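Colleague: Here are the chains, one letter per residue:
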Amino acid sequence: MSESESILRGHFRDMPQQRDASSLGMWVFLATEVMFFGGLFLTYTVNRAAYPAIFAQASRQLDVTLGATNTAVLICSSMTMAMAVYFSQKGKRTALVISLLLTMGLGLVFLTIKGMEYAEKFRHHLVPGYNFQYAPASAGPAQLYFSLYFGLTGLHALHMIIGLGILTAVLIEALRGRYTPEYSTPVELSGLYWHFVDIIWIYLFPLLYLIDLHR
Amino acid sequence: MSNPSQQSDHIVPPKVYAAVFLTLLLFTFITYKVAFVDLGEWNVVVALLIAFFKSTLVALFFMHVYYSRRRTSVVVLSALVWLFFLIFITMSDYLTRHWLY
Chain G
50 MSESESILRG
60 HFRDMPQQRD
70 ASSLGMWVFL
80 ATEVMFFGGL
90 FLTYTVNRAA
100 YPAIFAQASR
110 QLDVTLGATN
120 TAVLICSSMT
130 MAMAVYFSQK
140 GKRTALVISL
150 LLTMGLGLVF
160 LTIKGMEYAE
170 KFRHHLVPGY
180 NFQYAPASAG
190 PAQLYFSLYF
200 GLTGLHALHM
210 IIGLGILTAV
220 LIEALRGRYT
230 PEYSTPVELS
240 GLYWHFVDII
250 WIYLFPLLYL
260 IDLHR
Chain X
15 MSNPSQQSDH
25 IVPPKVYAAV
35 FLTLLLFTFI
45 TYKVAFVDLG
55 EWNVVVALLI
65 AFFKSTLVAL
75 FFMHVYYSRR
85 RTSVVVLSAL
95 VWLFFLIFIT
105 MSDYLTRHWL
115 Y
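As they're listed, the protein sequences go chains G and X.
So that you can map any letter, position 85 of the first sequence is 134 in this note's numbering, and since no number is skipped, the others follow by simple counting.
So that you can map any letter, position 74 of the second sequence is 88 in this note's numbering, and since no number is skipped, the others follow by simple counting.
Simulated from the structure, these hints should not be mistaken for laboratory data.
Just so you know, not all the hints are guaranteed correct.
[Claimed, not checked] PhoX-like, lysine-lysine: derived pairs with alpha carbons at most 25 Å apart:
hint, chain 1, residue 1, chain 2, residue 2
1, X, 29, G, 139
2, X, 47, G, 163
3, G, 141, X, 29
[What the hints assert, rightly or not] Short, incomplete list of chain X residues facing chain G, as computed with Cβ under 8 Å:
hint, residue
4, 46
5, 72
6, 76
7, 93
8, 96
9, 101
Since the structure is predicted, the reported quantities are computational estimates derived from the model, not experimental observations.
For every residue, glycine included, the Cβ atom is placed at its ideal position computed from N, Cα and C.
Next comes chain X alone, as it looks inside the complex:
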């Protein structure tokens, strides 16, 4: 059972951390710069897509999800699914009320 590939304490090489770190800084700079460009409604979309990309990098590499057992991914995905329900169901109410009244 203690096959190394199944252990959750995979040692991630510092090179990987450094690459992730530089990418995160780069995309922070990009999201900051893009915020001053008028994309209309798309500013929110672009900002959230960049945030999602950055948080995915943090989770996969800094938090070792990429190297962990699949069970860890199930917990992460279940959190995202619940968050989706929370936001989707509530907003489907709030954003459609004026259809009726």
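Isolated chain G (complex conformation):
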């Protein structure tokens, strides 16, 4: 009995079919994630349309340099994740492990920078429901902006943390030498998830930090 036969589940005809089914399932899950984040993006759009001036002013309280740095960090982590998939398909275990470690390291850098930004918001009394202080005339909508800021980036950060958990599991299996050119589906699917979280940030960065900088 060869390695690939033991990995193939009984209800699949062959490895390509099994891989195809797994990949389709992951994509359907990501489609539901689009809906999940979509509701929050929509809430942001509706409220920004309702209070354009106050949202613009509130958005300029964010640190654009840290936001841009984090965007670059996530893009780098997507690159190392893509390389992890490549090395797993090529059956290069050491390179796979290094790529996974780099990806997780960059994910931690992202979360650390995000944490520094959050700490700054706490210091500047910009956390709704905790210590929010703002010019009284615009406090209501500004609080809405920061609620959406924490909601959107918090949900994104939660996805990053879950992603780190998934990559930890993949890393352990990679160290055990479980992935071969015949069987690298878990690495590929974790990659899809990681890139998806990157895509969410690609929209969050301009919408939260950038679009009102020029005013």
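With chain G's structure known, arrange chain X on it following the hints.
Modeller: Structure of chain X alone, referenced to chain G:
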């Protein structure tokens, strides 16, 4: 059925990944710089177009949609269509209320 062209695990050359990676960094820099230029209402449009371009690159190459079966594209497009309904129908309400009152 296991014709290589139909498999979803196409091995993408690192050169392609590197080209996509550099393009993503370049457009992050561009979107950052453009944000400081006053284009009025067009700042949002330009920022979202760049974001859409970047996310398309990620999906096509990092996520292998370009090399996958057409069925994968159908799932991706259906997600975008639902997102469009969600935003379009809601905003067509919110943005036109003052026409009536």
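Colleague: State for each hint whether it applies.
Modeller: Tested hints:
1. Distance check on the hinted pair: residue 29/X and residue 139/G sit about 15 Å apart at the alpha-carbon level, within 25 Å; holds.
2. The hinted pair formed by residue 47/X and residue 163/G meets the criterion: a straight-line CA distance of about 21 Å does not exceed 25 Å.
3. Of the pairs offered as hints, the one joining residue 141/G and residue 29/X holds, with about 17 Å between alpha carbons and a cut-off of 25 Å not exceeded.
4. Interface hint status for residue 46/X: upheld, as the beta-carbon distance to the closest one in chain G is roughly 5 Å, under 8 Å.
5. A distance limit of 8 Å between C-beta atoms decides the matter here; for residue 72/X the minimum to chain G is near 5 Å, and the interface restraint holds.
6. Of the supplied interface hints, the one on residue 76/X holds, with its beta-carbon coming within about 5 Å of a beta-carbon of chain G, less than 8 Å.
7. Hint status for residue 93/X: holds, given a least beta-carbon distance of 4 Å to chain G, under 8 Å.
8. The beta carbon of residue 96/X comes within 6 Å of a beta carbon in chain G, closer than 8 Å, and the hint placing it at the interface holds.
9. Checking residue 101/X against chain G: minimum C-beta separation of about 6 Å stays under 8 Å; hint holds.
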